[in-house]
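The numbers in numbering that gives the first Met the number 0 rise by one with no breaks, and the one at position 95 of the sequence shown is 94.
Just so you know, the hints here were simulated from the structure itself, not pulled from any lab data.
Do not rely on the hints blindly, as some may be mistaken.
Derived Cβ-Cβ restraints for the label pairs, each shown as a range [unchecked claim]:
1. Thr144 - Arg180: 38 to 44 Å
2. Ala181 - Ala221: 34 to 40 Å
3. Pro119 - Gly75: 31 to 37 Å
4. Leu138 - Tyr54: 38 to 44 Å
5. Lys46 - Leu128: 40 to 46 Å
6. Val147 - Ala44: 26 to 32 Å
7. Gly72 - Phe35: 30 to 36 Å
8. Leu16 - Pro119: 26 to 32 Å
9. Leu106 - Gly149: 39 to 45 Å
10. Leu71 - Arg201: 22 to 28 Å
C-beta atoms are modelled at their ideal positions from N, C-alpha and C, and glycine is treated no differently.
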Amino acid sequence: MRIGPKEDKVYHSIYYLVSGPLAWASILVFIFGALFRVGTMMLLARKRDNMVYEYMSVRYGARSILHWLTPLGTAGMKARPATTMVSFLFHFCLIAAPVFVLAHVVLVTDSVDIGWLHIPDGAADFMALLVIFACVFFLVRRLTTPEVRGLSTWRDYSVLALVAAPFLTGFWAFHQLPGFRAAGILHMLAGEALLAAIPFTRLSHMLFFPFTRAYMGSEFGAVRHAKDW
0 MRIGPKEDKV
10 YHSIYYLVSG
20 PLAWASILVF
30 IFGALFRVGT
40 MMLLARKRDN
50 MVYEYMSVRY
60 GARSILHWLT
70 PLGTAGMKAR
80 PATTMVSFLF
90 HFCLIAAPVF
100 VLAHVVLVTD
110 SVDIGWLHIP
120 DGAADFMALL
130 VIFACVFFLV
140 RRLTTPEVRG
150 LSTWRDYSVL
160 ALVAAPFLTG
170 FWAFHQLPGF
180 RAAGILHMLA
190 GEALLAAIPF
200 TRLSHMLFFP
210 FTRAYMGSEF
220 GAVRHAKDW
């Protein structure tokens with residue numbers, strides 16, 4: 000199906016809006032939202048325990064973080080090895096694929112003249128499929144595992160959809176499947192929505208993880224003289 004000059008002009012207008020002002024807006028929302036959430040969390044922690052930072056231990060905090068970043072490094076992970084490995088692959092690909100895919104590196108280089116190494120397109124493709132597979136895995140787990148299903152709300156399912164959308168649309172656009180131009184616009188919108196949503200949804204655990212693990216590690220290691228893994 001050929002696209003006429005009028006439709007092409009509309010497409011480019013939408014493209015520049017999404018890739019320009021909306022992209023910068025999502026970045027600013029993420030940055031200031033993250034600073035706000037982390038700042039309020041730190042103030043709340045001090046309010047609830049005015050000695051919280053005094054007994055924080057670099058040694059035990061780092062030890063805890065290291066164990067929780069190691070596949071099968073905790074008792075809970077060892078009890079669910081399949082879920083653990085899917086989760087680790089998911090988190091790695093979720094971060095690495097958008098940062099190192101060639102198209103994104105080129106966009107950043109064109110915008111601010113900063114570049115870095117990129118991964119081959121085949122690797123990026125594979126990582127995108129891994130993220131999509133992991134989202135399906137987590138969805139099935141939430142629907143079929145009683146203890147997880149009982150704790151799941153619409154927010155959990157919406158976050159899964161929010162995470163999967165940029166990878167689905169990116170795969171669609173990259174392979175130029177039917178409607179790939181629209182998929183490219185949807186890919187950018189989905190990515191921007193995901194970035195802006197991080198500080199204000201359950202995805203914010205990526206911001207709080209170092210602090211919560213350092214706190215738990217310090218309490219268990221320096222105070223209780225026990226392991227937190």
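Okay, the hints, checked on the actual structure:
no. : hint                        : verdict
1   : Thr144 - Arg180: 38 to 44 Å : 40 Å, holds
2   : Ala181 - Ala221: 34 to 40 Å : 55 Å, violated
3   : Pro119 - Gly75: 31 to 37 Å  : 35 Å, holds
4   : Leu138 - Tyr54: 38 to 44 Å  : 40 Å, holds
5   : Lys46 - Leu128: 40 to 46 Å  : 45 Å, holds
6   : Val147 - Ala44: 26 to 32 Å  : 28 Å, holds
7   : Gly72 - Phe35: 30 to 36 Å   : 31 Å, holds
8   : Leu16 - Pro119: 26 to 32 Å  : 31 Å, holds
9   : Leu106 - Gly149: 39 to 45 Å : 42 Å, holds
10  : Leu71 - Arg201: 22 to 28 Å  : 24 Å, holds
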